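Engineer: Read off the chains here:
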Amino acid sequence: MSKRMGRREFMKLLSYSAGGVILAACVPGPQKSVEVEGPATKVPEEVADVLGTFPRRETLIARILTGRVGSPDNFNEWVGWKWRDRGTQNLANEPLWSVDFATGNIIPGAAEGDPTYSPDFMSLTVPLRKGVAWSDGEPFTAADLVYTIDTLMKYDGFSAHTFFVDNVAAVTAVDDYTVKFDLKQPNSRFHTTFLDRWGCTWIMPKHIFEKETDPVQFAFNPYVGIGPYKLHSFDPQGSWTAWEKREDWGKSPTGILYGEPKPKYIIFQYFADEGTQILAQLTHQLDVAELSADGLKALLSQSKTSRAYQPTFPFVVNNDPCITGVLFNTARKPFDNIDVRWALTLAIDIVEYTSIAVDGSGTLSPVHVPHLGPYPADYIKPMQEWLKSFTIDVGNGETFAPYDTTAPKRIADFARSRGYIFPDTQEFLEQAFGLGWYKFAPEIATKLLEKNGFKKDADGKWLLPDGTPWKISFMCGTVLSNHDARNAAAAVQQWKKFGIDAEMYTTENGDGLGATGDFDVSGAWPAQEPWGAGPDLYRVLDRWNSAYKKPVGERTQGIYSRWSSDAMDTIIKDLRETDPFNNDAVIALGIEGLKEAVTNMPGIPTYGYIGFVGWDEYYWTNWPGSENPYNEPYTHWPNFKYTTPFLKSTGA
Amino acid sequence: MTFLKRYLIPRLFQYFLVIWLGITVVFLIPRLTPNDPVMRMIGEMRGRGSTLEPGAMDGIIRDLTQMYGLEGSWLDQYWAFWVRLAHGDFGVSFFQFPTPVNKLIATAIPWTLALLLTTTAISWIVGNIIGGLAGYYSRKGWSRTLDAIAMVIRPLPYYIFAFSLLLLFAYVVRWFPITGGASLGAIPSLSWAYIKDVLWHSILPALSLIILGGAVNFQTMKLFVQNTNSESFVQYAKMGGVTEDRIVSKYVIRNAILPQITGLALSLGQIFSGALITEIVFSYPGLGMLLYRAIINGDYNLIMGITLLSIVGITTAILVVDLTYPFFDPRVRYN
Amino acid sequence: MKILRDLFRDYRFTFSFSVLVIIVALALLSFVSPYDPTLWNVVPKDMKPSVEHWLGTDSNGQDIFWQATFAVRNSLIISLIAGLVSRFIAILVGMVAGYKGGWVDRVMMFISDSLLVIPLFLIFVMLAMLVRQFLNLVVLGLMLAVFGWAWDARVIRSVILSLRERDFTNTAILSGTGTVKLVINEYMPFAMPLIFSNLINNIAWAIGLEITLAILGLVNLNIPTLGTMLNWALFYQSILLGRWWWILTPVILSLFLFIALYWLSTSISEYLDPRTRIQRVGA
Amino acid sequence: MNNKLTVLRTEQLKAFYVLDVQGTQKVAKAVNEVDLAIYENEIYGIAGESGCGKTTLLKALFNDIILPLRLIGGKIFYRIGWDEEIDVTTLSPEEKRKLRLEYISYIPQGSMSVLNPVLKLRETYEDFIASHVSGQSREEIFELAYKQILELGLPKNVLDVYPHQLSGGMRQRVTIALAALMKPRIMIGDEPTTALDVVVQRGVIQMLKDIQKNLKNTIILVTHDMGVHANVADRIGIMYAGKIVEEATTELIFGQPRHPYTQFLINSLPKFGDKNVRSSVPGSPPSLANLPSGCPFHPRCPHVKEICREQMPGFTQLDENHKVACWLVGEGNHG
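Protein chains in written order, with this note's numbering: chain A, 639 to 1290; chain B, 179 to 513; chain C, 3 to 285; chain D, 597 to 931.
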C-alpha cells in the first residue's frame, strides 16, 4: 500500500514542481516489479455523461493507432492512405475474406466461402453472401464487385489500378451472388488481394460511385459499407470518428455470422502522447488502446480495472503473424558473405537480446515465420529435427550445430529474476517463449570471421579484411517503441559487446534507403510476413524471388535484403503452381523454403511481433484475452467488428 | 516623397526579396533530403499492413509520381508552383491525397491562431507588466519571490512542465479535460455550448504556454527595467518630484519596453509554425503537427503552404516593426 | 583578481560559480566513468538510488549518475558552441550593421532576415534528417549556432542604432575616435548586459531545442545529452512508473544549470554596468 | 550674525556612503560635518575638485539622500514660510516629493540623457507640472510655461520636439526653464554649464542670472569651474574632502583667498594676457573612504605644519562674510 502511495505521491509531486516546489528527496521509492493490482481509481460521475450525445455506458472508446486523421472528410479508401483504422476497416467495411489470427482460419465476410480456381489458374469464381445490404439499405450484389474492379481498371489514380490491369482480363457477374474473374496469366494467389489482413481490395457501393464523374477525387462522405456500424459523426480536425450500430445490423455479414454487436456507439480517438493516453485510460475516458511495453506496465500498475491480453507475464499479444529481427543488405560487403551473417547471428545472446528489446517478453522463432497460429504445428515443430542436425562450416573441417533448445527456458529464468510471476508448464513456456533459438557462440563467430580474413585490433575491435575498422550502421525508424528500433537497439548492443563498432541510425526514410539498398543492416522484417491464415508461405518466399531484385540504386521490388538463390527460385516456382488449398503440398514446399532461408540467413528472425494491448474493463468486458481467444484482440485490426457481438456491458 | 523613394520602396523591395528567397529555400530543402514522398507513401502503406503486390510496384510508383506532379525537373516544378500560387492555390497534399493544401491549412489554422495569438499576447503583456514592476521595485520581497519562481519555471523542459500541469489539473484534481481541442462528439458550431467547451479545453494548453512565455518576458523585462531605472532621465524625473506612477509607466517601462516590441513582433510572426509539443502533450489540433507530419512525409505542397504563411508572417512582422519603430523610439530614424 | 573578489561579494555569483564548478566537475568525471555510455545492460535495470548506484539505474541497464556526467558534458559542449559562436556572429553583424548603416546594414539585415523568416523548426527537422548520421555534438552545436544569431543581431543592431544617436557618439567622432575603438569602448558597455542576457537566452534556447529534437527522435539517441536522457526516461514512462530518480536527474540538472547561468549573467552584467554597480555594492 | 534671511541651513551635516565589503563596513565620508547657511536672494557657489563630495552635498541639500548614501548625523532646515524652519530629513517621501520643483528645484548637467528620449518636451512638462498641481491651474501653468519660454528667448515650438532634436545648449536652457517654472524659492544647479562650449555657456549663465533677478530667489550652483563662479556667485564655499574649508563673498575669495587650497584653485584660472600654462593643484585629491589624519589637505599643502597632520582646524571667522578652516589662519572655533 505504501508503495502505491509513493508512486501517486511522486506524480503529484511532479505536478507541484511546476509551481516551483521540488522535494524529490521526500518521495518514497517505487518497486521494481510490475504490480497487476493497482490503487482504486475514483471514477468521476461526470465522465459517464460528458459526451452528451453518446451515453458513456453504451459507448466504446478506442484509440486510433495511426494518428490524427489527416483527411477526415475523405473516405475514398481506394486512393492513397486514408487512416482506415479510424473505424472504416474495423467496423464499417466488410471484405470478402478476413484472416482470423487467433485460429489461423479464414473468416468469409462478404463471400460465402473459398474461391474456386480453374485447374490452370487462369480464372476463379467467388460466391457472395446473400441477404447483405449496404448501410444505406441498398442490397449488396455481384454488380458491386464487378463495378469495383471495372472502375479500378479504368482510372490510374487508384492504388490497385496497375495490379488489376496487369492481372485481370475480364470480370463478370455470373448471377447476383457469383462473380467470375478471367486472368491474363496463371495466378494461384489472385484471391488474396481480397483477403483482409490490414487492408485489401474493398468493394465499392455501385449505386453511389456510379453517380460520380471522377471516382478518384470523390470524397465518399458519408461512408457507406456493409459492416455492422455506420458513420455517425467525425471531428473536422480528425481527432475522433464516431460510429453507430446499424438498425439493420442483421444485414451485415458480422450480424449474420455472430449476432448483434453490443456497443451502440464506438468512437475512435486520437492521442498524440502516450502519457496523456494512459491518463485518459486511468480515468475511464478510453476503453482500449495499444501501448508501448512500459506504457502497459504503467497502466497496469496504476489501474485496478485494466488488464492486458495475458493475465500474467509476458502480458503481451503474441499472435500477430510478423516475425521481427535483423535484415542484412546482402548487396553490400561484407553482408554478402553467409559466414559473416551467421557470425553476427552467433554473436547474439538471445536472452540478453530480448531483455534489451522487450524485457524478455517475445516469443522466439528460429525460422522466418513467427511462432504463432498454424506455424508452430505446420513448420517449426516438424523442422526441429532438421534444426538440431543443421550445422555450419566453421573452417578447418570443423562444423558447429548452432541450434539451441534451451533458449526459451533461459529467457523464462531471466524473467523470473526480474520478479515476474507466470505458470511453469511446458505448454505455457512454449507459447510464451517459443521452442528454441541459436546458441550464443562468440568463439564460433570469431572463427567464422577469421576464416574470412577479419581480424581484431589491439583494443579487441574487429577490423574488416582490408584492415579498416568494421562499422555497422543499423537503420531503423524514429519511433523507439516500434520493433525495428527495439531490434536495432538490442543487436547494436550485442555486436558492440562482440567488438564491432555498431550504431543505431534512426531515419524517417527507411523505405527509400531500403528499397535502393543504401544501408548496412536494418530492423525491417527479416522476411515478408505470411498471410496469417492457412499454411501457405507463398507470400513469405515470393519476396526472395530473383525476378524482383533490382541493382543497388534502383528501387527493388522484392525484400530489401536483395538476397535470392536458385534453390529459392525453384521453390517459389513450384509453389506458384500448387493449389494454395492443398495443405500437404504447400507445407512440404514451405519447409524447403524455410530451410534455404535459415541456411543462408539473409535476415535474422528473432521474436514474433508482440503488441501491448491495455483494456480498461470499467464499462466493457469479455475481451478476447489469452484465456478466451475467440478473436484477435486489437481494435485497429479489420477483425475487430467480429469482437463487437461478444463484448459485455458492465452497466457501470 | 523622399521617405517614399529613399526608404519605403527599397524596404518593400527587400521585403519581397526576403520572401522570395525564403520560399525558394523551402522549395529546395525538402527536395535535397533523401525523403522521397512517393517512397514515403509506399512505406506508409506497407508499414501499415497494406498488401502491395511486388509486381505492381513500378506502376504504383509511376502513378503516384504523376499524381503528385513530381514528373518534371525541379525547375518545371518550381515554375508550376509559382503558377499555382498566382491563382492562390498550393495544390493537393500528397499524404492526404487528394485533399487540397488550402483546406488542410484552413481547418487547422483557427486553432493555432486562437491559442497562440491569445497566449503570446497575454504572456507578453502580463510578463512585461509584472516584470517591469518587479524590476522597478527589485528590492521588495514580492519582486524577489517572483524572480525566483520565474527562474525555476523557465528552465523546466516544456514537455515536462506541460505534462506536470496535465497530471495536476486533469488527473490528480480533475478540473480540466485531459485531451483534445473540444469534447468527444462536439461538432464545431457558433453555439455558446461549443465555444464554452473549446475554451474549457484550451485552458491547460494556454496556461502552459502563458506561464513559460510569461516567465521569459518577465525575466527579460525585469532586466531591461533595472537598466533603465538607473538612467539619468529617471533620476531627473525623481528630482523633479514627478509622481511615482508616472515615473514607472512613462519613464521606466515606456523606455524598457522598446526592445520587447521587436520580440513581440517576431513571436507573433512565428505563430504560423504552430506549437508542436503543446499539440503533442494535449493532443491539440493545429498547424504544428500538420507541418511536422508534412516534413516527415515529404509532403512538399503542404510544407510549402504552411511555411509560406510562416515566412510572410515573420517578414511582415519585421516590416511592421521597422516601419513603426520610429514612433516608439523617436531617436531612430528611417535610414 | 580584484574583479573576482568584487564578484564573489554577490551571493548570486558565489552560488552560480559553485554550481557551475560542480557541474563542470560532473562533466569532467565522465572521463573516468567506469561505464561506456553507449553500452546497455551493464548494471541491473530500474534500481533505486543506492550506495553502488548513487542515482539509481535506468531501464536500459545504465548507471544514471555516470550517464548524467556524460549528458552534462555533451549538453554543455553543444550549448556552449551554439551560444558562443552565434553570439560572436550576432555581435559582429549587429554592431557593424547598426554602426555602419547604409548598404552594409541593408545587406546584413537582408541575410539575417532571410534566416529569420525560414521557420527554424523546418530547417532543423530537415537538416536532422539529412545529416543525422554525421550529427555529432559539434555539428549539432554549429547547426544551432548558424541558425540562432539572426534575432539577436537585430536586437543588438537596434541598441547600437539608438546609441549612435546619442551625444557621446558625436563627441567621440569629432574627437577622432576610431570606429573599432568607439564600438568597443563606448557601445559595448551599454550592449554588454543585453549580450549577456542574450547569451543565457541562447544557451537556454539551444538546450531546449536539443531537448525538443531529442523528444522527436531527431538527434542521435546513442549520445547521452540532457535531451536524450529525458527522451529515454519519457520513452520508458518513468513518470507514471514512479521512477523519479531517472526523470528528475536531467530535469534538476538543467534547472540548476539554468539558474546558475542566469544568476551569473545578472551578477556579471550588473558588475559591468557602472550605474547599477554602486547600488549593488551598497546594498 | 547678519540680518539676511536664511532659507537653507545645515547643522553638522554628515552624509556617508556606507558600503558592505566582505562583511566589513567601508565608509566614504562624502559630506562631513558641514554647516551651511544660505540666504534668500543670492547665488551661492560651491567649488572644488571632482571627488570632493560637492555633488553629494548638493544631493543632501536637495534632501535626496537615498541608499547607499546615508544621513549619519546633522540636520537640514528649509525655511518654508517666513518664520518656520523645518528639518526636512524627517519628512515622508511624499512630503519630500511635494517640496521638489515647487519649493526647491534641480538643474541637472545638461546632457541628452536627463530628458526622457521617447517623450516630446511638452509631455515631460506635462508630467512635471501635473505631479504638482491639479485641475484648472494646470492649464494656467502651461500658459505660464509658454510665456516663460518666450520670455527666456527660447523658440516658440520648443515644446513640440523630442530632446534629441535640440542642441545641447537648448536642452540646458529648457531644463533651467523647467526648474524655474514654478517659481521655487531655491534652485540647485549641478554643473549646468560644464558640457557646453564657451559661447553657449555665457548665454546659460546670463539666463540663470536673469531668472534669479526676476524671481529674487536663491540659486545654489555647483561647478568646478572657478570662472563660472566668478561670473555668477554672490558667495562661494570651497569644498575639500567632504568639508567646506573656506567661505566668503566672491570678491573676497578671489581677492583675498586665505586657504592654500583656495589659492591653488584661483591660481589655476587662466587670466587675460597670460600665456603661461597655469599650474593646477599638485597631487590628487584623497579617497573619501580613506582620509588622511588631521587636515585632509596636509599631504598636498606647501605650508604644512606639525599640527596639520594631527588635528583638523576649526573655522576662523575673519570677517562677517569670510571664514576659513586652516591652521595657518587661526586655531578656529571647535565649539
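No lab work stands behind these hints, which were simulated from the structure alone. Small disclaimer: the values here were computed from a predicted structure and weren't measured. One or more hints might be untrue.
Stated by the list, open to error - Here are the simulated EDC-like pairs of lysine to aspartate or glutamate, each with C-alpha atoms no more than 20 Å apart in a straight line:
id: 1; chain 1: B; residue 1: Lys281; chain 2: A; residue 2: Asp1222
id: 2; chain 1: D; residue 1: Lys812; chain 2: D; residue 2: Asp679
id: 3; chain 1: A; residue 1: Lys844; chain 2: A; residue 2: Asp813
id: 4; chain 1: B; residue 1: Lys416; chain 2: D; residue 2: Asp679
id: 5; chain 1: B; residue 1: Lys416; chain 2: D; residue 2: Glu645
id: 6; chain 1: B; residue 1: Lys428; chain 2: D; residue 2: Glu787
id: 7; chain 1: B; residue 1: Lys416; chain 2: D; residue 2: Asp723
id: 8; chain 1: A; residue 1: Lys902; chain 2: A; residue 2: Glu882
id: 9; chain 1: A; residue 1: Lys792; chain 2: B; residue 2: Asp236
id: 10; chain 1: D; residue 1: Lys812; chain 2: D; residue 2: Glu747
id: 11; chain 1: B; residue 1: Lys416; chain 2: D; residue 2: Glu787
id: 12; chain 1: A; residue 1: Lys1109; chain 2: C; residue 2: Asp8
id: 13; chain 1: A; residue 1: Lys1099; chain 2: C; residue 2: Asp38
id: 14; chain 1: B; residue 1: Lys428; chain 2: B; residue 2: Glu409
id: 15; chain 1: D; residue 1: Lys694; chain 2: B; residue 2: Glu422
id: 16; chain 1: D; residue 1: Lys622; chain 2: C; residue 2: Asp38
id: 17; chain 1: A; residue 1: Lys822; chain 2: B; residue 2: Asp236
id: 18; chain 1: A; residue 1: Lys1211; chain 2: A; residue 2: Glu1234
id: 19; chain 1: B; residue 1: Lys416; chain 2: D; residue 2: Glu747
id: 20; chain 1: A; residue 1: Lys1109; chain 2: A; residue 2: Asp1042
id: 21; chain 1: A; residue 1: Lys1188; chain 2: B; residue 2: Glu231
id: 22; chain 1: B; residue 1: Lys416; chain 2: D; residue 2: Glu719
What the hints assert, rightly or not - Where chain B lies over chain C, by a calculated footprint (3+ residues, C-beta under 8 Å):
id: 23; region: 11 to 21
id: 24; region: 31 to 38
id: 25; region: 53 to 66
id: 26; region: 70 to 78
id: 27; region: 81 to 91
id: 28; region: 211 to 220
To be verified - Calculated Cβ distances over 12 Å to all of chain B for the following chain C residues:
id: 29; residue: Leu6
id: 30; residue: Asp8
id: 31; residue: Leu94
id: 32; residue: Asn224
Each residue gets a CB set at the ideal place from its N, CA and C atoms; glycine is no exception.
Engineer: Against each hint, give a clear statement of whether it holds in the structure.
Structural biologist: Here's how the hints hold up against the structure:
1. B:Lys281 x A:Asp1222: Outside the cut-off at roughly 55 Å; violated.
2. D:Lys812 x D:Asp679: OK: lysine 812 of chain D and aspartate 679 of chain D at ~18 Å, within 20 Å.
3. A:Lys844 x A:Asp813: 16 Å, holds
4. B:Lys416 x D:Asp679: Outside the cut-off at roughly 28 Å; violated.
5. B:Lys416 x D:Glu645: 26 Å, violated
6. B:Lys428 x D:Glu787: 27 Å, violated
7. B:Lys416 x D:Asp723: Between lysine 416 of chain B and aspartate 723 of chain D the Cα gap is close to 11 Å, so the pair holds against 20 Å.
8. A:Lys902 x A:Glu882: Distance ~6 Å between lysine 902 of chain A and glutamate 882 of chain A Cα, so the pair holds.
9. A:Lys792 x B:Asp236: 18 Å, holds
10. D:Lys812 x D:Glu747: 17 Å, holds
11. B:Lys416 x D:Glu787: 18 Å, holds
12. A:Lys1109 x C:Asp8: Violated, because 53 Å separates the two Cα atoms, which is more than 20 Å.
13. A:Lys1099 x C:Asp38: 14 Å, holds
14. B:Lys428 x B:Glu409: This hinted pair holds, its Cα atoms lying about 13 Å apart.
15. D:Lys694 x B:Glu422: 12 Å, holds
16. D:Lys622 x C:Asp38: 54 Å, violated
17. A:Lys822 x B:Asp236: 18 Å, holds
18. A:Lys1211 x A:Glu1234: Holds: lysine 1211 of chain A and glutamate 1234 of chain A sit about 15 Å apart, inside 20 Å.
19. B:Lys416 x D:Glu747: Violated. Lysine 416 of chain B to glutamate 747 of chain D sits at ~27 Å, over the 20 Å cutoff.
20. A:Lys1109 x A:Asp1042: Distance of about 28 Å is beyond 20 Å: violated.
21. A:Lys1188 x B:Glu231: OK: lysine 1188 of chain A and glutamate 231 of chain B at ~16 Å, within 20 Å.
22. B:Lys416 x D:Glu719: 15 Å, holds
23. 11 to 21: n = 0 at 8 Å, threshold three: violated.
24. 31 to 38: Coverage by chain B is violated for the region 31 to 38 of chain C (0 residues, Cβ < 8 Å).
25. 53 to 66: With 0 residues close enough to chain B, the hint is violated.
26. 70 to 78: Answer violated; 0 residues pass the 8 Å Cβ test.
27. 81 to 91: The restraint on the region 81 to 91 of chain C is violated, since only 0 of its residues have a Cβ under 8 Å from chain B and three are required.
28. 211 to 220: n = 4 at 8 Å, threshold three: holds.
29. Leu6: The assertion about leucine 6 of chain C holds, with a minimum of 23 Å to chain B.
30. Asp8: At about 18 Å from chain B, aspartate 8 of chain C clears the 12 Å cut-off, so the statement holds.
31. Leu94: 19 Å, holds
32. Asn224: About 20 Å separates asparagine 224 of chain C from the closest Cβ of chain B, which puts it past 12 Å; holds.
Against the hints set out earlier in the document, violations occur for numbers 1, 4, 5, 6, 12, 16, 19, 20, 23, 24, 25, 26 and 27.
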